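Heads up: the sequence lines are chains A and B, in that order. So in my numbering, spot 54 of the first sequence is number 366, and the numbers just go up one at a time. So in my numbering, spot 91 of the second sequence is number 403, and the numbers just go up one at a time.
Please note: incorrect hints may appear among the correct ones.
For identical chains, the list gives no copy identity; a pair is met inside one copy or between any two copies.
[Unchecked claim] Below are the SDA-like pairs computed for lysine to any residue, each with C-alpha atoms no more than 20 Å apart in a straight line:
#: 1; residue 1: 392; residue 2: 402
#: 2; residue 1: 397; residue 2: 380
#: 3; residue 1: 377; residue 2: 388
#: 4; residue 1: 397; residue 2: 315
#: 5; residue 1: 392; residue 2: 320
#: 6; residue 1: 397; residue 2: 328
#: 7; residue 1: 397; residue 2: 324
#: 8; residue 1: 397; residue 2: 409
#: 9; residue 1: 392; residue 2: 379
Hint data in this document are derived by calculation from the structure and do not stem from the laboratory. Everything numeric in this text was worked out from a predicted model, so none of it was measured.
Number of protein chains: 2
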Amino acid sequence: MTNPRYCPYFHHTIELLGRRWTGVILRVLAAEPARFGDIKGHIPGLSDRLLTSRLCELEAEGLVKRCQQDGTNHYGLTAKGFELKPAIEAVEQVAVSFARREEPADRPGRIRSA
Amino acid sequence: MTNPRYCPYFHHTIELLGRRWTGVILRVLAAEPARFGDIKGHIPGLSDRLLTSRLCELEAEGLVKRCQQDGTNHYGLTAKGFELKPAIEAVEQVAVSFARREEPADRPGRIRSA
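Chain A with its partners taken away, still in its complex shape (with noise of 0.2 Å):
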């Protein structure tokens, strides 16, 4: 169906997931439904106006919903938000497969004994 060298949904889909907190708000939600404090918790320097302005882009593309569970608001993927789950996963595995072949000091997030 695509063309070997150019393909509009992949330069689509793969911009949506890169562009900046999308990936891993978007992994945060695979994992479980969550409030917006929580996700926000998980996300080391993300804030609450590019938290909320990337929900909304989400929800615009219909990949993530907010629902309610134990009477409070959370943000959960939709069914075609986990049908990226193999696309996070596979970026997650060769992602960890180059941490660890790097030298220790330049692994992002490392915490060193003194």
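Using the hints provided, position chain B relative to the given structure of chain A.
Chain B alone, transformed into the frame defined by chain A:
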């Protein structure tokens, strides 16, 4: 190895792949090494300036290298770059699956008959 909610390696890699034009450039090079002008020819809307900038970033990440082929300069994936191929394919697969379910008129790049 990774936190199920937040993984800095995933964060870095998804935003690298999803940076504007980067994913589509990598996909062109995953097919075969290509000259600068050929990469540009495959990707609608990509400027010389941005292609140069993205190729520099991908060389710095160790994902792309310059090579000689048929006496001319080509860009190709490194062994590390080729490790991204399953992730690129997984994103493409879900992107095409989403597109197949959309209304034909919404499909990007579709040419409608008169």
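Quick rundown of the hints versus the structure:
1. 392 - 402: For residue 392 and residue 402, both the intra-copy (17 Å) and inter-copy (15 Å) Cα distances are at most 20 Å.
2. 397 - 380: neither (22 Å within a copy, 38 Å between copies)
3. 377 - 388: Within one copy only: 6 Å inside, 40 Å across.
4. 397 - 315: between (24 Å within a copy, 16 Å between copies)
5. 392 - 320: For residue 392 and residue 320, the Cα distance is within 20 Å only inside one copy (19 Å; across copies 25 Å).
6. 397 - 328: Both. Shortest intra-copy (14 Å) and inter-copy (18 Å) distances satisfy the 20 Å Cα cut-off.
7. 397 - 324: both (17 Å within a copy, 17 Å between copies)
8. 397 - 409: Both: 18 Å inside a chain and 13 Å across chains, each within 20 Å.
9. 392 - 379: within (15 Å within a copy, 41 Å between copies)
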